[in-house]
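> Here the protein sequences come in this chain order: A and B. Its first residue numbered 7, the first sequence is counted upward by one per residue in this note's numbering. Its first residue numbered 5, the second sequence is counted upward by one per residue in this note's numbering.
To be clear, the hints were calculated from the coordinates, so they are not data collected in a lab. Don't take each hint at face value.
Unchecked claim - With a Cα cut of at most 25 Å, we get these calculated BS3-like pairs of lysine-lysine:
1. LYS65/B - LYS53/B
2. LYS104/B - LYS84/A
3. LYS53/B - LYS72/B
4. LYS74/A - LYS104/B
5. LYS84/A - LYS74/A
6. LYS114/B - LYS30/A
7. LYS104/B - LYS72/B
8. LYS53/B - LYS114/B
9. LYS104/B - LYS53/B
Predicted model, so just to flag it, every value in this text is computed and none were measured.
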Amino acid sequence: DAGVIQSPRHEVTEMGQEVTLRCKPISGHNSLFWYRQTMMRGLELLIYFNNNVPIDDSGMPEDRFSAKMPNASFSTLKIQPSEPRDSAVYFCASSPPGQGWGNIQYFGAGTRLSVL
Amino acid sequence: AQSVTQPDIHITVSEGASLELRCNYSYGATPYLFWYVQSPGQGLQLLLKYFSGDTLVQGIKGFEAEFKRSQSSFNLRKPSVHWSDAAEYFCAVSSGGGNKLTFGTGTQLKVEL
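Throw the hints in and build the complete structure from the sequences for me.
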């Protein structure tokens with residue numbers, strides 16, 4: 007299996023621009039998570055989906071952030087408009103169904119976002 | 005609410021020395037516990053997990069961890085550290101009924117040659 011695939015790996019954009027981060031979870035996994043990692047705040051859960059439905063978006067910082075999961079094999083995290091304070095590494099993770107084993111999350115390599 | 009504390013932000017050990025990284029959790033019931041490792045520029049990789057049963061669990065790369073309910077701890081150990089172990093290590097906890105993980109702030113490990 008190719009693992010969780012994120013694109014792009016690096017994104018540099020200017021303040022005010024729209025940014026879209028993409029994630030392909032591991033086939034057969036039914037939960038998907040978006041995290042943000044910064045030096046100041048560490049690893050923060052932004053939102054997670056179960057069976058393509060958003061379950062908990064309490065970590066989404068503000069209305070500029072939105073996430074979608076149109077099908078089981080694809081998710082996007084969008085920032086519009088972007089701001090310099092959004093600069094961070096964004097990780098996507100997925101986990102298989104079921105208790106116990108379902109708690110194991112498999113991470114992608116991340117997208118490093120720089121907003122100038 | 006569940007929480008995880010990793011009291012050591014940075015640890016430096018010599019190659020070949022033993023290692024122990026501390027993790028304390030707060031959770032009302034029996035937790036599901038994890039250790040993840042993050043190498044520079046990479047995502048997080050699962051080292052080991054505890055769900056139930058034997059309180060001493062073995063993981064990849066020669067790591068082990070011991071669950072101690074009385075101390076609310078799940079410390080990570082390795083008897084002999086290799087230079088390639090230099091990375092950031094995260095402890096995490098999850099409830100049994102859901103798969104949302106709560107991560108600690110991480111411990112940065114430096115290995116001196």
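> All hints are to be evaluated individually against the structure, with a verdict given for each.
Do the hints match the structure? See the list:
1. LYS65/B - LYS53/B: This hinted pair holds, its Cα atoms lying about 14 Å apart.
2. LYS104/B - LYS84/A: holds, 21 Å
3. LYS53/B - LYS72/B: holds, 14 Å
4. LYS74/A - LYS104/B: holds, 18 Å
5. LYS84/A - LYS74/A: holds, 8 Å
6. LYS114/B - LYS30/A: Violated, at about 33 Å.
7. LYS104/B - LYS72/B: holds, 22 Å
8. LYS53/B - LYS114/B: holds, 23 Å
9. LYS104/B - LYS53/B: holds, 15 Å
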